[in-house]
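Asks: Now for the letters of each chain:
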Amino acid sequence: ILNVEQSPQSLHVQEGDSTNFTCSFPSSNFYALHWYRWETAKSPEALFVMTLNGDEKKKGRISATLNTKEGYSYLYIKGSQPEDSATYLCAFSNTGNQFYFGTGTSLTVIP
Amino acid sequence: DSGVTQTPKHLITATGQRVTLRCSPRSGDLSVYWYQQSLDQGLQFLIQYYNGEERAKGNILERFSAQQFPDLHSELNLSSLELGDSALYFCASSEDGWNSPLHFGNGTRLTVT
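Residue numbers (our numbering), protein chains in the order written: chain A, 1 to 111; chain B, 1001 to 1113.
Calculated directly from the structure, the hints in this document are not laboratory data.
Ideal placement from N, C-alpha and C gives every residue a C-beta, glycine not left out.
Hints are supplied without guarantee of correctness; some may be wrong.
[To be verified] Under 10 Å between C-beta atoms, here's a sample of chain B residues computed to sit facing chain A:
(1) Arg-1022
(2) Phe-1045
(3) Phe-1069
(4) Ala-1092
(5) Asn-1106
Taking the hints into account, I'd like the entire structure generated from these sequences.
Replies: In C-alpha cells, the structure reads:
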C-alpha cells in the first residue's frame, strides 16, 4: 500500500478567499494523479487527470499543478464560494491500474 | 449522474452472513474498481476488473471476492461478515488506462449488526 498524503486535513476560509491544498505521493514509477471533489451525501466527482510532470490543469476557478520528480500536486481555488465546500481527494497510481486515494482535504467556505 | 449504478443502497445484516453488492458501470467503460470506506478512513482500494478479467488487487480480505460478468456488470461478495466490515462500498468505472477518470456510483452502505 502506497502512502498518499493530503494537507491540510481541513480548512475554513471566507467567501472570496483563494486557497490551496497539497497532495504528496511517492515520486518513483509515476503513472497518474487524479483530483476528485466529494460533496456530502454524493459520490466523488473527477476534477482533473494529470499524467505529465509540469502538467497544469484548469476548470473555472479551480486549477492544479503537478511535480512528479518531487512527488507533489497542488490544487488551487480562486475566490472561494460556498458551493466549493466539499472534500477534495487526490488519487495516485504507480502501475496504471490501482489508484491510491489520500484521506482528503475538507474545505468549508464561510459566506 | 455518473452513470454508474450500485445496488442496493443500504444493507443491514448480521455477523456471519454473506451479501452481494452489485455494480453496473457507465456505458462504454470496461474497467470496474471496488473501494471500501470505513469510518474515519479514506477510500481503500479492494480490486479492479477490466473486461471480465481481474487486473489489480488491493487490500481485499480472503472472505471477500468479486467478479465482472460478460455484460461488464460486477459483483462484490462479502462472506462471514464481521462488525468491522460495516462500511460504505463504492464501485467506480473508467474507460481504461490511468489517464481516464474514475466515475463513482453512489455507494452501498453496509451495516453488520
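Asks: So, for every hint listed, does it hold in this structure?
Replies: A quick look at each hint next to the structure:
no.	hint	in the structure
1	Arg-1022	16 Å, violated
2	Phe-1045	5 Å, holds
3	Phe-1069	20 Å, violated
4	Ala-1092	8 Å, holds
5	Asn-1106	5 Å, holds
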